[in-house]
Amino acid sequence: MKSRFSADAVDPNTPVIEGHHGADYYALMTEALHKLLLEKRLLSQADTDRVIAALEAPNTTWGARLVAEAWADPAYRERLIEDGSAAALELGFRIKEAKLVVVANTPALHNLITCTLCSCYPRSLLGQPPWWYISKNYRARSVREPRRVLAEFGLDLPETTELRVHDSNADMRYMVLPMAPEGAGQWPLEQRIAAVTRHMLIGTAA
Amino acid sequence: MPRFAPGDAVRIRDNHTPGHVRIPFFVRHQQAIIERYCGAFRNPEDLAYGDRHGPTIDLYRVHIAQAALWPDYTGAAHDTLEIEVYDHWLDPAA
Amino acid sequence: MSEPPFRGYHDIGGRPAGPVACVEKPFDDWQKLSEAIRGAMDAQHQIVSLDEIRRVFESFGEPLYETLGFYERRAEALSILLAEKGVVSLPDIHARMEAIAAARGQRVDHTEKTVT
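Protein chains in written order, with numbering that gives the first Met the number 0: chain A, 0 to 205; chain W, 0 to 93; chain D, 0 to 115.
Please note that the accuracy of each hint is not assured.
So the derived list for chain A, only partly shown, Cβ under 8 Å to chain D, looks like this [stated by the list, open to error]:
#1 A26
#2 F92
#3 C117
#4 Q127
#5 W131
Ranges between beta-carbon positions, derived for each pair [as the list claims (entries may be wrong)]:
#6 D:Q45 to A:D155: 42 to 50 Å
#7 D:L89 to W:T55: 32 to 40 Å
#8 A:A56 to D:V22: 22 to 30 Å
Keep in mind the hints are simulated off the structure, nothing from the lab.
Computed from a predicted model, the values in this text were never measured in an experiment.
For glycine and all other residues, C-beta sits at the position ideal for the given N, C-alpha and C.
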């Protein structure tokens with residue numbers, strides 16, 4: 000039996016195993032656990048309903064709303080980069096789990112967000128992360144061969160552009176501010192919001 | 000007052016903490032540049048064991064060259080990585 | 000004597016890994032409920048923080064970490080943590096799972112983590 004925290008606990012050259020086992024079992028466990036906690040009156044049905052509603056509400060369009068504002072208003076763009084949480088709150092979005100850091104793409108710089116230790120993501124703004132973001136393959140490779148990962152997503156970044164990877168390992172959560180399309184500052188708000196994809200906010204698209 | 004300022008050269012420690020830590024293995028012993036001060040936060044090394052009242056610790060974002068992290072890095076020479084490091088995992092760079 | 004490097008099995012940044020499957024999957028109802036139980040128990044009783052959940056799935060063993068999916072790992076950690084805190088015991092959880100499964104004509108295997 001290997002010890003968890005010993006020199007031989009992890010061979011850094013051993014490929015990561017990407018498992019997805021256990022959904023039926025843990026669906027059943029969750030049902031059982033919920034019933035037990037309700038019976039013990041440690042939770043009410045309303046308690047979990049409320050949290051589920053809070054989990055379901057945030058989505059990509061909330062982040063896109065911040066981007067849309069920044070594309071049209073240079074002063075807001077500055078505030079968003081200076082203090083993401085405060086700028087989000089200006090538009091009514093409260094970032095609950097951590098501080099939001101917004102990193103801006105430029106012709107010389109492209110940003111990519113990851114979390115190698117778990118799967119941190121600005122969930123209270125953007126909702127649950129995509130399935131591939133929480134995959135071990137993305138977590139393992141996004142820091143070591145990010146350009147290859149981007150190429151797999153169809154983004155071939157020029158060598159002249161600096162690629163900056165952000166590992167969300169502690170108390171910050173990150174969102175990319177993509178570059179505005181030509182003339183986007185003059186577009187109606189809805190058109191600007193619709194132009195922003197989740198891939199752009201993570202950095203897996205430009 | 001935070002111990003480091005943006006632009007300071009630091010080295011990430013390996014504290015050999017046998018439990019939950021938030022400093023991934025791949026950045027330990029690396030030289031880095033302070034990018035910004037993030038504020039003071041409770042230590043996840045306490046929080047992970049149920050202690051919600053431990054001292055707060057200064058947190059920084061640091062900047063590291065990818066080529067320094069990975070000797071076999073295949074991307075561009077100017078590529079970088081940024082990561083958050085708590086004060087007790089940092090030393091001033093020698 | 001130099002100390003050995005400490006690296007948990009969850010600390011995978013930089014390890015070799017396969018292609019990233021660029022596919023989307025829905026956020027299942029049971030996953031929402033599991034996350035909500037943790038969130039609500041923490042809000043009501045300050046008893047199951049995410050940091051504690053992380054500590055548990057980082058120490059429940061490499062074989063489980065390798066085989067389970069993301070929400071499955073968190074659900075497993077939640078049950079262990081609630082048992083550790085004396086809120087509900089693992090035998091009680093398992094017994095309730097078996098009772099629910101039996102009523103549906105199903106069987107639970109707690110070693111293999113399957114319901115058939």
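Verification of the supplied hints:
1. A26: OK, holds: A:A26 within 8 Å of chain D, min 4 Å.
2. F92: 18 Å, violated
3. C117: Since the shortest Cβ distance to chain D is 6 Å, the answer is holds.
4. Q127: 5 Å, holds
5. W131: At about 5 Å, which falls below the 8 Å cut-off, the nearest Cβ of chain D leaves the hint on A:W131 intact, so it holds.
6. D:Q45 to A:D155: 42 to 50 Å: The hinted range 42 to 50 Å holds for D:Q45 and A:D155, with Cβ atoms some 48 Å apart.
7. D:L89 to W:T55: 32 to 40 Å: 35 Å, holds
8. A:A56 to D:V22: 22 to 30 Å: About 24 Å separates the Cβ atoms of A:A56 and D:V22, which means 22 to 30 Å holds.
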